[in-house]
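If you count by the numbering used here, then the sequence shown holds residues 257 to 423, one letter each, in order.
Hints listed in this document are in silico derivations from the structure and should not be mistaken for laboratory results. These numbers were taken from a predicted model, which means no experiment stands behind them. Beta carbons are placed, not taken as given, at the ideal position from N, Cα and C, and that holds for glycine. Just to be clear, a hint being listed does not mean it is correct.
[Unchecked claim] FRET-style restraints, in silico, Cβ to Cβ: (1) G316 to S296: 17 to 23 Å; (2) F339 to R311: 33 to 39 Å; (3) D397 to D375: 18 to 24 Å; (4) Q337 to R311: 29 to 35 Å; (5) E334 to Q314: 20 to 26 Å; (6) D335 to Q314: 19 to 25 Å; (7) Q337 to S296: 34 to 40 Å; (8) F310 to S405: 34 to 40 Å; (9) G313 to D374: 19 to 25 Å; (10) E334 to D402: 16 to 22 Å; (11) D391 to D293: 33 to 39 Å; (12) L325 to D391: 14 to 20 Å.
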Amino acid sequence: MTRNSRLRLVGVALTALLGTALSGCSAFGDGVGGCSDAPSSVLDAARTTAQSGFRYGQEGNVISKVEVLRANSMPLPEDLQQFGATEIAIVWSDIYPRGNEDSAVPGVQGAAFFAAADDGTLIGPLDDLSAAAFDVSPPDDAGWSDWVSEVASSDTFHDALGCGSPN
């Protein structure tokens, strides 16, 4: 991994931390702004669908391992509930670039965002990381991409950017 690649990964981590500081959710998942711990079924689904050996990012860095740490959720407003999705699931993970997975160097912590049902079923990815790092296919519906764009530009999604923490 090049120095620039490492700097980009650090930049992603810092962006996530900044989002936590600026959002309406508590960094500790205490229910402020609707942020809460996700049901265990979200963790189970994330752990069973986590990928390994995939390429991610502009430079196509190989990610050798994704280790799911915890999950939070935030309810979607009724006007955004479609495809069976009633909440945004935020899955916190350690992401290990190739070569770092067996070293003492910790993974880069990041969050992946999913549309989820009340029961914790992951319906589909809401961001690039969730689409690349987890084997969760979106619904086969022509309106999915437009809906994801609408959700991603909503205040709820902005708040979800800082929902919870990986620890």
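Problem set entry | Hint check against the structure, violated hint numbers in rising order | Violated hints (numbers, rising): 1, 2, 5, 6, 7, 8, 9 and 11; every other hint is consistent with the structure.
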